[in-house]
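Protein chains in written order, with numbering that gives the first Met the number 0: chain A, 0 to 384; chain B, 0 to 384; chain C, 0 to 384; chain D, 0 to 384.
No lab work stands behind these hints, which were simulated from the structure alone. Just so you know, not all the hints are guaranteed correct.
With a cut-off of at most 27 Å between alpha-carbon atoms, the simulated BS3-like pairs for lysine-lysine come out as follows [claimed, not checked]:
1) B/K367 / B/K272
2) A/K20 / A/K272
3) A/K272 / C/K4
4) A/K4 / B/K272
5) B/K181 / D/K272
6) D/K181 / B/K272
7) C/K4 / C/K181
8) D/K181 / D/K367
9) C/K181 / C/K45
10) D/K45 / C/K4
11) B/K20 / B/K4
12) A/K272 / A/K367
13) B/K20 / B/K45
14) A/K45 / B/K4
15) B/K181 / A/K272
16) D/K272 / C/K20
17) A/K20 / A/K45
18) C/K20 / C/K181
19) B/K20 / B/K272
20) D/K272 / C/K4
21) A/K181 / C/K20
22) D/K367 / C/K20
23) B/K45 / A/K4
Across the chosen pairs, the derived CB separations fall in these ranges [as the list claims (entries may be wrong)]:
24) C/Q182 / A/G153: 28 to 38 Å
25) A/R232 / C/R339: 48 to 58 Å
26) B/Q70 / A/E99: 46 to 56 Å
27) D/N179 / B/R339: 51 to 61 Å
28) C/Q376 / A/N245: 19 to 29 Å
29) C/Q376 / A/A344: 45 to 55 Å
Values in this document were obtained by computation on a predicted structure and should not be read as measured data. Think of the CB as a built atom: it goes at the ideal place given N, C-alpha and C, for glycine as much as any other residue.
Protein chains: 4
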Amino acid sequence: MTTHKIRVGMVGGGPGAGIAKAHRMGMRLDDRYELVAGVFSRSLEKSQQAAVELGVDPDRVYESYEQMALQESARERGIEAVVIVTPNDSHFPVACAFLEAGIHVICDKPMTGDLDEAERLHDIAESRGLVFALTHNYSAYAMVREAAHLVRAGALGELRIAMVEHASGWAWTSVEDDLNNKQAAWRLDPAQSGTTSLISDLGTHAHQLLRFVSGQEVTEVSAELNTCVPGRRVFDDAQLQVRLANGARGSLWVSMAATGHEHGLRFRLFGDKASLEWCQMDPHYLTLNYPDGRRETRVQGHDSQSDDQARLTRIGLGHPEGFIESFANLYSDIADVIERYRDTAQSACQDRPLPTSRDGLLGVRFVKAVDESHNAQGRWVSIAL
Amino acid sequence: MTTHKIRVGMVGGGPGAGIAKAHRMGMRLDDRYELVAGVFSRSLEKSQQAAVELGVDPDRVYESYEQMALQESARERGIEAVVIVTPNDSHFPVACAFLEAGIHVICDKPMTGDLDEAERLHDIAESRGLVFALTHNYSAYAMVREAAHLVRAGALGELRIAMVEHASGWAWTSVEDDLNNKQAAWRLDPAQSGTTSLISDLGTHAHQLLRFVSGQEVTEVSAELNTCVPGRRVFDDAQLQVRLANGARGSLWVSMAATGHEHGLRFRLFGDKASLEWCQMDPHYLTLNYPDGRRETRVQGHDSQSDDQARLTRIGLGHPEGFIESFANLYSDIADVIERYRDTAQSACQDRPLPTSRDGLLGVRFVKAVDESHNAQGRWVSIAL
Amino acid sequence: MTTHKIRVGMVGGGPGAGIAKAHRMGMRLDDRYELVAGVFSRSLEKSQQAAVELGVDPDRVYESYEQMALQESARERGIEAVVIVTPNDSHFPVACAFLEAGIHVICDKPMTGDLDEAERLHDIAESRGLVFALTHNYSAYAMVREAAHLVRAGALGELRIAMVEHASGWAWTSVEDDLNNKQAAWRLDPAQSGTTSLISDLGTHAHQLLRFVSGQEVTEVSAELNTCVPGRRVFDDAQLQVRLANGARGSLWVSMAATGHEHGLRFRLFGDKASLEWCQMDPHYLTLNYPDGRRETRVQGHDSQSDDQARLTRIGLGHPEGFIESFANLYSDIADVIERYRDTAQSACQDRPLPTSRDGLLGVRFVKAVDESHNAQGRWVSIAL
Amino acid sequence: MTTHKIRVGMVGGGPGAGIAKAHRMGMRLDDRYELVAGVFSRSLEKSQQAAVELGVDPDRVYESYEQMALQESARERGIEAVVIVTPNDSHFPVACAFLEAGIHVICDKPMTGDLDEAERLHDIAESRGLVFALTHNYSAYAMVREAAHLVRAGALGELRIAMVEHASGWAWTSVEDDLNNKQAAWRLDPAQSGTTSLISDLGTHAHQLLRFVSGQEVTEVSAELNTCVPGRRVFDDAQLQVRLANGARGSLWVSMAATGHEHGLRFRLFGDKASLEWCQMDPHYLTLNYPDGRRETRVQGHDSQSDDQARLTRIGLGHPEGFIESFANLYSDIADVIERYRDTAQSACQDRPLPTSRDGLLGVRFVKAVDESHNAQGRWVSIAL
């Protein structure tokens, strides 16, 4: 059986947009998507240039996302899904436009910068019944899936302690002073990204990953935010304590000033039977530690592991897969769900655990709770579920 | 500036062909190739099925490689290059057919199973002046390039000792008894693959990688071959000693019976200033050890590293890239060379260090020397350069 | 030049006293002490038995520490120093008795269980001018000394973030239910050890180690204490946030319920130039991470390292030293200071950085501040310096 | 029950003798020996100085080992054992003198420099029935004992491949040109140590360790010796292939020119069920690798491990023990055997697997076989068992 490729459009992702490259490589790897339309830039000219480079028909490059949503939904063989890789503050209107046009949405995280918008977008996404996938790609790594499987299978027993870090070193020094560093200019400008961009950018990944693997909601947070780099106008380090729904406790360390770290994303979960650790830098390994002194590292790609892990491993047996493959995994799962939707008009995805608008909403609530706690000198703040 | 994608055909790579998938994913990642023709199987029916899955026009699926070479070379906008992923014993005639038709060749390793064919193919490739790339993908890992750069820049000083391992565990037990395991059936049958398929398959990778990184030729070898798994009819373990052109010594351990290993590819080089190690399982790291007690691991993706490393890193800074990316790196370099050829009709590639027919020829000579040494009780055997 | 061995007595350390063994092995390794007197147990009979095993003259086994302090101080060639390895709540009276008798004190940590006693003991120790060494052995590891040296030499630049863990797994399950486990019975009984024995036992090590290496005082703490193991009557997990004197922030995770960990002691310090990490489990390594992508692990025992490191390395060059050697290092430094005292009647020790009564006092204040913060729902509590 | 300490004398071990320090610290750690006599140097004056430092009665410092053997054996409460830490070429006469005087011998390795002497010493040691222990300390590491236990318990299945390295970097450059480096002067002078001192010094450790852990004898060797450092007059690198009694194959890499290594001692054994690896640099870990993708590192000091491991662990649970403890372990086992001898006049030691004169003899035969093979261009040479 063959299926036609999924036709997608993209909003954002023009010249210099780093994360859009990862999205496109993730789509290409398993060859299940074709990029056929887009608004790649606010400038139509730049957008057309990008279209040439990306092999997109110039007739399907639009002046605005509204126009694209309208015309593509009206068109025969128009796009089935849109990928939104614009700055966070535009996610809400763009996503709404496409959902209202009956087009599935694949949206970069965080879902929105504003809590009210997050609540509304979640409601809209739920009510339309379309696929809404938030691209928390880290939970699509094969061994993160394996970890989630093991936790649910009881390998750790009851969860007690969760230690999560997303402590990057990317902004260890005044990168915002480099005029060529557009990422820095945008992310470190409080006017554009708020003072808690650290939590929006990295903290939401840590939050989603913890929830995904542990199966526990984060119910309360106590936050200590700090600015390490002199002259910086946003927070660049966060020491967070969390309480989980089952009573477990933990810490999330989120930073962009962890000098000497690269991306610094890892988690450790401790249950009453064993503990488990995973590090994004070495994603093909997953380690379980047992109280009898065994530290058992499981290597990706063996038959002994879960179906989910197997499905998301392309080569296996010592041929490591990395970050781009995590995007490809996510896009592969999204493709499965969209293909089923064609037949069933259902967006449910129990065996394809995509991050959804609910994850997006909880992530934005988490950002706001961190902000509130910090402003109250670290008081514990609840997060509505 | 934009360039049209490189039009390629493929010989081999039908259902179940593992390595062809890696080739195709490698081509897709950076979107510089389009697969437009093929003989994917000896069975035309299976070949047509594969074409549908791969999105190849059925009119460009051929009954034989000879036909494909003829018709594509005659066609306007025919293929510029062919990817050969057939069993080793057919590499020679297939490669010759396309070279003679003026089509660049991208050929899986080992170049041939027969030394005489290797000699002739090398001569033909040289004389035609086309691009002939052998897909030793490991030397295209970014940090292997970094290693080669460091060695040439003198970071190790004069090379003294080389320790290379390609000690896989894939055939640790009687996998050939599993009728569903077609890889095993083929590779472990002396009638199809010879008794030294271990050296052809894995040993040639180790040999090429050593030569690539060290910049030294392997001039002599002393071999001890063994069969570990009872009942097996080919050698599954090889302990090799080597002498290098500059007088350095070393060992190559090549195995498919290294129980508990996955792919087991790594190298360590010791000079008179420092030593260096790299492991394919963790390819984004490269470690230099200094006599003053510093063990310096360099992480892929930093500006402080070589241009070659930078060029072959897509995301960087803690977003690991793996095996598929190594294929993509190789295909990216091949694309650069083919694009230049369009303008210059030159296949030279000094700054794009592709494995060529010379590497293929030396690899086959190495296989033969190992065989000869083993049959002479480990006598040292010279390898012509 | 030779010096006579230092004559020591011991209070505590009879049958089953684990840590006393480490003290005695630490004293023996470099052969600079002789154990000549003791009150090894509350039972004189058990004390005498221990004396026989330890080769101590039965005439110098005493019924009480008071008697021992009196008689040894009066005796010609009496003990010069006493080692106190009794339960924490008796450290105060025992230490006072010997200090008042003019005998140097080597006291197990924490200094006392009671803050008032700690304040008084510190005053007495200061005013008597004798050697008072608290056996925080971890800061005597050679590579911890190296770390402290590097921090002071500016290798990290200005400290920003400190992440310290003493997350043991020793009490991961209800070890207190095992009647043979006397350690557990004692440490996990709130009546004997208080509900915050976790902080006294392990937290004070983490606190001292952080202060020692960073050179920064801990000025404020916010604490979240928890009991993971059902039925347990003391806290077994602590998530602590700290503020340091220079404005740096950090987290201390202290646990005895970290399933799958052994001793779990490690620190990471991040400055504005580089970061540094050390793990007690692999104490002969120290890693510096630089923002240019180098992770530099320094191996104990090289000339390129600090004098302090060199002095505390016995064999070096790949012959690892461990926990017992850390005690030996501490006892070696104490011996140096006591030997100087013989000549100078000065207990100052700038180049032998022994933990003193001030470290003990700050440790007890830290325990109390943690307790107070937890009781106030994690409010930030200041620690007097 | 108490036993008196074992009275030992020492031959060698005066000022600057590195390994003698390790012997003495090994004896001290568990306090079961007292050093009461010695010939510490050829110079009586230096010997007396050493005695003062070591707390040895000057009346029991002798002019010659012959005198010491005679007088101590005649004396009431004379030494029960002698520790021989002289240069290799004097081991034979010294050991003979003490064995003939009825005194147990603890002899540094290699047993002798000369094969004929080794044969004779083995005969004498066997016929006298005294304890003769060769101080191959590495096989006394707790996790090496655990490894040997696991191999015998079938954890690996049938052994197939053995990869052993003792590749030190200590002589990576012309250390023999440094006049203050007495170790180098002695070990790198062919007149004093022969051209194969590398094999005597380090190779015999690798050989004994392989035999000890695997339970397999080395029956044949093929050797390639080399001199890396220009101007050096002895071999400093050896690439050895071996065949074991059960048909397994393997490689031993022995070097003193492995730049950037410290001591470089490690082994990996591959069976038909699993593989196992241990590294002296991190001796408290032992890793088993399984074909299902689990890499299981076992940490020293857990109840789940063998009795032998438990007996040789002092603290455990994350308090690492190292090189000095390996000597202490060996001395502890020797003490057990000597104490039994007091009662039984038997030196048998099945449950205390000490290296004996047979190990010493096989080691010297191994050295000679390596030399012979190298001189015959790597021809396979048999080793008599």
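Hints that the structure is at odds with (numbers, increasing): Numbers 1, 2, 3, 4, 7, 12, 15, 16, 19, 20, 21 and 22 - these are the hints that the structure violates, sorted from lowest upward.
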